[in-house]
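Number of protein chains: 2
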Amino acid sequence: MRLYDFPNAPNPRRVRVVAAEKGIDLEYVTIDMTKRQHKTPEFLRKNPSGKIPVLELADGTCIGESIAICRYLEAIEPTPNLFGEDALEIAQIEMAHRQIELELMSQIGTSWVNGPIVAKAGLVEPIEAAKQRSDGLTKAFYRRMDKELSERDYIAGNRYSIADITAAIAIDFAGALVSLKPDVELSNLWAWHARVAGRPGYANA
Amino acid sequence: MRLYDFPNAPNPRRVRVVAAEKGIDLEYVTIDMTKRQHKTPEFLRKNPSGKIPVLELADGTCIGESIAICRYLEAIEPTPNLFGEDALEIAQIEMAHRQIELELMSQIGTSWVNGPIVAKAGLVEPIEAAKQRSDGLTKAFYRRMDKELSERDYIAGNRYSIADITAAIAIDFAGALVSLKPDVELSNLWAWHARVAGRPGYANA
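Taken in order, these protein sequences are the chains called A and B. In this text, residue positions in the first sequence follow our numbering: the first is 13, and each later residue adds one. In this text, residue positions in the second sequence follow our numbering: the first is 13, and each later residue adds one.
Source of the hints: derived by calculation from the structure; they are not laboratory data. Hints may contain errors.
Because identical chains share one entry, a pair is satisfied inside a single copy or across any pair of copies.
[To be verified] Quick list of in silico lysine to aspartate or glutamate cross-link-like pairs, DMTMM-like style, CA-CA up to 25 Å:
(1) K34 - D98
(2) K151 - E54
(3) K34 - D71
(4) K34 - E97
(5) K143 - E113
Construct the entire structure; sequences and hints are all you get.
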């Protein structure tokens, strides 16, 4: 299986971490987003959304959307389980994961799209008011995470799941490229981050 | 099981449709969002995100996020299957569903948040440039849907899934409350919408 990938982007990193956790080998093909290689006619045939990652199966079937790819990997290699084992756990992990995606990762994404790096590339006209709103919502969510992580070890409860992978990757991206690193005094958040970052599957992918 | 619900909101409608398709009876409790009942301290204990729907189980456990609730219902009542049967179908439905959520529903949401009804309620300072961008992206996605639905009967392939439920509900909301009804000449889109809207589980929920 081949993964169309780009090293600095958070979404393909989610797939790389899940593959590493499960011990699945993928062939990586770099699509240089800075050269708009994800918007070529050839790539749009693989994914009409013009986004990476894309997983290409042996028969040429292409799967876009990082979490769709992660669910495919979970189905073909169920261990370690990352999306939940029974009805309640499936629901609780999905709830936590969606809150991370909708209330944290998407806000970081808005700050990124309307921030200086994208503006300098001339791709999108930045909307400063939108960035201010998403910066504020991101910081508020970090405080909520810190509070919740005083009561549990992982985002969705007491074990590692896809919600931790998405959250840690979003925060790493926010710190490296969006000037939204969580404050050092959010000690529960940082203790959790160290637990995730210390996993070989996370650190090496 | 009790569902905290609000009649006009698209997200709880997703749960109502899934429950109806599966023949699951829920006890509905209306949370009046216009009176901010989803932001009271009592409700925030059920869902710290302050959003509906929330499913409350017999033991008091609360599950937020509409799709987390839908996955719970899928796990306890697998028929009809709405999220995929095998690895490839699970991935293809998740891909299609996420594209609908991220590229259509979230854009409609941005136009709603920055539109006249929310502004009149005084909840959010509208950002006109953000609304113009999301209006344009919504209309572009409708054209893509129309093209793709010339080649298949349903959003994720040749059978009904959660992707159809989310897409049809998002479009109904866009038409009713965001002035973003798809153009009548998008005939493939409207033929698909009629297929979905004609299902008793969709129409009556």
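Violating hint indices (sorted, rising): Result: no hint breaks.
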